[in-house]
Each structure stands twice: as C-alpha cells, then as structure tokens.
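What follows is each chain in one-letter form.
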Amino acid sequence: MAEFVLEFEKPIVELESKIRELQNLSDSSNMNVDEELSVLTKKVEETKKAIYDSLTAWQRVQLARHPSRPYSLDYINLIFKDFLEFHGDRRYAEDPAIVAGFAKLDNQPVMIIGTQKGRNTKENVFRNFGCPHPEGYRKALRLMKLADKSCVPVVCLIDTPGAFPGIASEERHIGEAIAVNLREMFSLSVPVLAVVIGEGGSGGALGIGIGNRILVMENAYYSVITPEGCAAILWKDRAYSAKAAESLKLTGKDLMELGIVDEIVKEPLGGAHKNYEEAAALLKKAIKKNIDSLKKMSGEELKDQRYKKYRSITYIKES
Amino acid sequence: MALFRKARYSTLNPTDKREDQPSKKKEIPHGLWEKCPQCSETIYAKQKEENLNLCPRCSYHYPMTAWNRIKLLTDEGSFLEFDADMESVDKLQFEGVAPYLSKLEENKKKTGLKDAVVYGTASLDERKYVLAVMDFRFLGASMGCVVGEKVTRAAELALKEKLPFVIATASGGARMYEGMLSLMQMAKTSGALERLDEAGLPYIVIMTHPTTAGVTASFASLGDLILAEPGAMIAFAGPRVIKDTTQAKLPEGFQTAEFLLKKGLIDKIIGRKNLRNELSLCLEYVTSSCKVHSAERGKAQAK
Ligand SMILES: [Zn+2]
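As given, the protein sequences belong to chains A and B, one line each in that order.
Its first residue numbered 1, the first sequence is counted upward by one per residue in this note's numbering.
Its first residue numbered 1001, the second sequence is counted upward by one per residue in this note's numbering.
By construction, these hints were calculated from the structure, which means they are not laboratory data.
Okay, derived cross-link-like pairs now, DSS-like style, lysine-lysine, Cα gap no bigger than 30 angstroms in a straight line:
hint: 1; chain 1: B; residue 1: K1035; chain 2: A; residue 2: K236
hint: 2; chain 1: A; residue 1: K284; chain 2: A; residue 2: K145
hint: 3; chain 1: A; residue 1: K317; chain 2: B; residue 2: K1160
hint: 4; chain 1: B; residue 1: K1162; chain 2: B; residue 2: K1114
hint: 5; chain 1: B; residue 1: K1091; chain 2: A; residue 2: K317
hint: 6; chain 1: A; residue 1: K145; chain 2: A; residue 2: K308
hint: 7; chain 1: B; residue 1: K1273; chain 2: B; residue 2: K1263
hint: 8; chain 1: B; residue 1: K1160; chain 2: A; residue 2: K145
hint: 9; chain 1: A; residue 1: K317; chain 2: B; residue 2: K1103
hint: 10; chain 1: A; residue 1: K288; chain 2: A; residue 2: K81
hint: 11; chain 1: A; residue 1: K10; chain 2: A; residue 2: K48
hint: 12; chain 1: A; residue 1: K317; chain 2: B; residue 2: K1162
hint: 13; chain 1: A; residue 1: K308; chain 2: A; residue 2: K149
hint: 14; chain 1: A; residue 1: K317; chain 2: B; residue 2: K1114
hint: 15; chain 1: B; residue 1: K1243; chain 2: A; residue 2: K236
Across the chosen pairs, the derived CB separations fall in these ranges:
hint: 16; chain 1: B; residue 1: E1087; chain 2: A; residue 2: A239; range: 32 to 38 angstroms
hint: 17; chain 1: A; residue 1: E7; chain 2: B; residue 2: Q1093; range: 24 to 30 angstroms
hint: 18; chain 1: B; residue 1: G1253; chain 2: A; residue 2: R119; range: 35 to 41 angstroms
hint: 19; chain 1: A; residue 1: H87; chain 2: B; residue 2: E1087; range: 43 to 49 angstroms
hint: 20; chain 1: B; residue 1: S1102; chain 2: A; residue 2: L269; range: 38 to 44 angstroms
hint: 21; chain 1: B; residue 1: S1102; chain 2: A; residue 2: E94; range: 48 to 54 angstroms
hint: 22; chain 1: B; residue 1: Q1093; chain 2: A; residue 2: E46; range: 30 to 36 angstroms
hint: 23; chain 1: A; residue 1: L78; chain 2: B; residue 2: L1080; range: 54 to 60 angstroms
hint: 24; chain 1: B; residue 1: L1080; chain 2: A; residue 2: E278; range: 55 to 61 angstroms
For every residue, glycine included, the Cβ atom is placed at its ideal position computed from N, Cα and C.
Bound-form chain B, shown alone:
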C-alpha cells in the first residue's frame, strides 16, 4: 500500500530554473546574465525583462510577477485592486520545521505581496472586467484561505457587477500549513463559480507555468475558455508522484500546455506577445451577450 502514500497536493518543484526563484541568484553572479533553460543561450537578464520575460532568442516563457501580468492585461491606470490588505493567519498553529508565520514574512519581503493573489477590476481596450492574478513567487502560489477567499470574492464581484471574470493561474497546489482549510478553498471557489455560471457570466482562465494540483482540480479547470501560455506545466498529480506510483515511463511533453491542447483540455495556446490582443478579442466576443455590462459602460468608467 505504500504505493499510494505519496504527495498529491504538494508544492511542485518545476525541474527547470525560472526567474524569481532564489536558487537562480546563487548560480548567476549579480543576476546580470543567465542561461535559458530551453535554448541554453546565455542571455542578458535585462533584455529578457524588457521583453515580457521572454527569452529573446527562443521566446521561452519565464514566469511573470503578478503586477507585470496586470500591466500586460489592462489599460494603463485602469486596475483597481480589492482587498489589498488581506493576509494569511496560522490558524492550525502548524508545527513544522519552520513556523508558517516566518515563511509568510519571508515571502512578503521577497515579493512585496501580502499573499499569492492580486485581484480587482480593470479595463482592457475599454472593456471592464474582473481580473485575478496568481504569483508563483509567493510560497509557490499555494492555495490557503487568502488565495481561496480572494478568488471567491473576485467571482462574487464579477457576479455583482455583471462583469466577465478572468484569472491567470499558477500554483504548486495546496498550502500545507493550512491543512484541510486549504482543501476547502477548492470547494469554496468552485461554489462561487457555480453561481457565476448560473448567472450566465463568462469566466476565462489563463493557465501559466506551473498550474497544478488543487488549483487545477478547482477553479483553473472551470473556465468557459481555458487559455494557456506555451510550455506551461499543467497537472493534477506531479510527474514524480506518477512515476513513483505507477513505475511508468512518462510520454514526451507530458503535462505541458501543448500536450493538453492535443488531449482536449486547452482551448488555445497563446504566446505572451499576443496575449493582450487575444484576451481583448475574447472579451469582446463574450461581452456581446446581454447578461454582461456592455462595452459602453466600460468606456464610460474608463473615462
């Protein structure tokens, strides 16, 4: 039976080194130059940052910070953040190797965020919508009560304002320090999305690297449209868990956005350079419905 006693909702460690992970800093002095994990080219970090965090040579998609993602997907100055002061608490008084509260402090300092989700209202090409963005740097964007509550409130805000809801996901899974409270956030967020669905309001998911475990098994997989960035790892169980459990050889490209496009989960893979325009087009199509506030209203509010 030891076969099945493996982690399923753990924080996954992507095998490749990406930006904003502490290990990078040790390997590259001064953070000026780094080696692209896809094409192995040594690239100038600044050049990559000025290029939407894409490798200038092969367009490898490095993760993006929440605020850069927001900038990419909204009209300038239109984003209005909600619940910016919401923070996690150590309800379980989790006895682990390092105290949860000190982990939280460390991650707040590292990212400048209070937790792993930022949400609010914004407009894109003058169309108003609710946007939530996850930031993998903050404890692997694991889902605790704050992540669950912010996603739920974002869905409820969309419902109240009759707006489309867009979320850019990234997550290593459950926040273990919050135990079952973490699992219950899967239920809570899905319940809020049921109400949004019932009201006929559109919900668009943009899966970014990596989207896994409890987030995959809840709000990330419930989009009316599921878009994904190239190369993003998208999974329920991690590859190591699957290998350990089944002893199977994993297929080429297993659990990538491209693999899941072929397997029918993903509607469309969109490179970051086109993401703004294509999301705008998606919003244009889905807001032509009578249930969503019209483009005119978005325009009026943007002015």
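The shape of chain A in the complex, shown without the other chains:
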C-alpha cells in the first residue's frame, strides 16, 4: 500500500525522500555525502519538531483518522498476550465493529473492549468502518459484566467515528443500547480504564467509555460531534471544519483543562503510525500504571470515584 501522506506531513516526507536519494547516490557512486546527509537529517528533525509541536486541532483530527494509524487489534497484539476473543450479544448478532475478550497485561488478566476499524475496503465492510450497531454495545456490556464477576479490570480502547447511523441500528434501538451501557458501566465494581486511541466519536465512543480514568492519546480526539458536522450546522458550510475543530475543544489538552480527561498518552514524534512498537510501549506503560493504582481501590470506592468523576462535570451559574 502506498504511504498515505497528510498535507502538513509533506515537508517531512520530501526531506526524507531527499535523504534516501542521497543515500542511494552515495551507495552507487562512492561519493561522500556525509556532510549533506547530516545537514538534511538535522533539518528533518527540526521540521518535525516545528510541525508537531504546533499542531492545530484540525490537524490532530486528521492524524487521529490517519489510515496507517494503529487500531485496537494492533495494540492488543503488541501490548497484551493470550487474547481470547468472544463474540455475540446473545440477542441478535455478532458485531465485528467491536472486539472484546480476556487478555493478559504481563500477568494481570483484563477484559478488553475495543472498537475496530478496517485497514482496507474489504476489512472496512466487515468492521463497518468501526461504527458499531446496537449488538456491539450489548456484547460489550455482556462481557464487562463477566469481567465484573471475574474481578478483572476492564480496558476500553476507543477508536470510532461514531455509532452507526442506519435503519437497522435505529430499529434495534441504538440509543437504548448506548444508554444502558452508560448506566450499567457505573455499576461495575472493577477498575475501568477508557483510552481514546484514535477517534472518539460522540455517543458511539461514550457507549464503551465510562471509566474511572479517561486517557487520550496525544493525537487522538474526543468530540460531541465531528468538526464537519458542526461546521455544516453552525456555519452551514463544511469548509469551516478547521474552525469548528478549534471551537469544539476536542484535543486531549483541551479536555484535560475542562476536567474531562485524566491523562494524555505520548506518541512517537510524527504520530503513532510512524512507529507502532514505540506507540504500543508508551500506551502499555500508561495502562499498567493506571490499572495498578486503580487496583488498590475497593469495589465501592471504584463505583463512587467513577460516579463523582462524571458528577462533577458541571459548569453552570447559580445566583
């Protein structure tokens, strides 16, 4: 597959290809290009730093949607072992837009729930672009309740444009499926960690997102509506998507300031898609640290802390 390059990534990619050309030249002609190479290499690093230190909200949204970005199953394979996936909601169907099952984080058993996108057209048809139907949420809840019974922490990996807006989805009550998950996740007596690894698309993300802690990866976003949707409604023009992305305050940093997100998980320079192993190592460290500290709390304390966390998200005026 040809590398997918975002507009703002282009200067870096151009410099990198120059470096490769020079290396080829030196290999084939015995010319000494060490000096030029070191200048260019330095320039790449500077350019990367300049670009990634000042990403706009809209650029982060694009990184979060980058087609080469690691998805839930990539992280599951790189971070956990003995993943035992389970299927079906016992009501209607299996929904491949959500993967779920037991796994081990080193020796700590966990229940993983993750929305899963496809890497190509065929996979995306199967995974429905990571947009779950009601069955996905019902399967997730069924297995979270099993985790509760098994005294095993729950780790939710969130990467979805949103719950699927379709006829079947509505007929089988997608709103109710999400609502029940929201309510029932408050009743779990085990640690619940929600991590937005890519796209945190509104209610579809929240439907598996009620955690004791909410983590957001550096180039992920979490929003009540897509910037495009917001632009179309407020400005009546999708060209205002970048502006909407800014206004919506959807980056990890903004959400930490609002008291919604607890921690930002660092990514390799240039984004998680540049180095899967490094991204996974950083994520693993963050998951482990949080699970270890949450495990010290009792079931009642966990429920109480989870309720208070959301209960406190209130900005109002009372005279």
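Following the hints, put chain B with the ligand in place on chain A, whose structure we already have.
Then chain B with the ligand, alone, in the frame of chain A:
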C-alpha cells in the same frame, strides 16, 4: 470516508412546522389561524391552545410548553420548582457564527425560561413525585450542563425523598456550544439513574416530539416505563444523516412513536387527553412498592 463524517448529535429540524417555532409567525399573520401539518385544516390558534395544543380536527399533537405540561400532569398548586435560577455559561468561549451567550439571551426572552428543563416536586391525584419537563422551544432543548445537571439533581432528589421520578423528554440532541461538556451530561444523568435503579425507585419517561440523539442515548431510553405521545419523532441519528450515510430509502413512519412501539422500544402510546389519568394510574401501580413513600404521605403533604 466522507460517508461517516456527518452530524450525529446535531439539533434536528423537524420537517413539520409546529407551534412556538419562529418560522410559524412569518407564515401566519397575527398568529390567529394556522394550517395543521397533519390534516391540513386551517384551525384557529386559540381553539388549539384551549384544547391542550391538539388539532381540534385530527388531534395532531403540537409541542407543549414546559409550564403547560406541568399543569397537565400535576395537582393544582402542588408543583414546587427546584433550582429555578440555574443558568448556562459559555465555558468553552465557543467561537461560532453567533456567540453562545447571545443565543441564550434570545432564547430566555423568547420562552421566559432560564434553560430547557424545569423540575421539582409535585403531586398527581395526591401522589407525590419528582417531575422534570423539557421545553423544545429553548435552543431545541439541546443538552448542555444545565439540562444534564437539572436531570441529575431531579434523580438525586427522587433518591433522597424516595419518590418516583417522571420526565417528559424533548430534545434536538447535544448543545454544540458546550462541546464535550455536553456529551458528558449523558454519562452524568445515566449515572444518577443507575443509583435510582439500584435503590429500586421507579423512573417513568414520557417521550414527546421530538426526542433525539444524546437524550435518546441516555436518560430518555432508561425508563422502567417508556411512554410516548402519538406521532412523536424518536431517534438517535436524524433521518437525513441516515439517508446521506446509507443511501437507503427510509421505511414508512420510520422513527415515530408508532414505529418504535411496533419495534419494541415503547411501552405505550398515550394521547395527551388521557396522559394525566394514565400517568396517575402508572404512579399508583409503581408506588404500591415498599421502597417508595406511600400515597398517604403524598396526601399529607398536599394538604
Ligand atoms: Zn389536524
């Protein structure tokens, strides 16, 4: 991928023109006469207002204001409002086409409300309960922090007083001006309802036109009983979003209360003329439980 970049929590515009929407005023001079969107009969506005906002000919259910709804569902003089002074703030300092604060002011003036929910305690046929009512006129009853906080406090009040909780919903979805704070209200309200459920206290939802998006995907769908008014639009994603995403032809009557009754979401559709009596009967049945304060207590307080 453009396929899925559509609004999901937007404020929906119901296709039909209903009362209290500004567009109506332009179409009908003096607001004296209007055309019923269901039977097309030209009706005298006052006649409709005196008839619970129902079309006198076909009983089309026009939306009701929060205070008229409260009047319909409570014993006279029994409603005691809580947190009447709670107001929204522009925490995000949202940079949009129009400033959020001016939108709020405009809607306060238009409706006489501070935001889209009114809640408090009341009695119905001398049975005490907690009632929250949403008013679609106020920014499409979109859910921001005030809506979420009032619904949460209403649930907590019911929990504290051991009373049943009834809510009449209507909402276009999230309050975009409050961004993720708006989404978090879905979590907060559902968390409060988990505690109510855990305590064994009954929760009744009356879905009115239109109940959509984030409200549908949280407290509106969590009722022990889910009642609905005839013809109410009830949805998670709006019909336009579904059409744009899937290119599918939508079934007849899709996303109406009647459709969802058939599909198993709604317990019962109740016309407005019967709503008071049937809600009273529901309350009678659910309060016969030992966990809820008895009818006697309600009577004592009403006197
Ligand atoms: Zn009519």
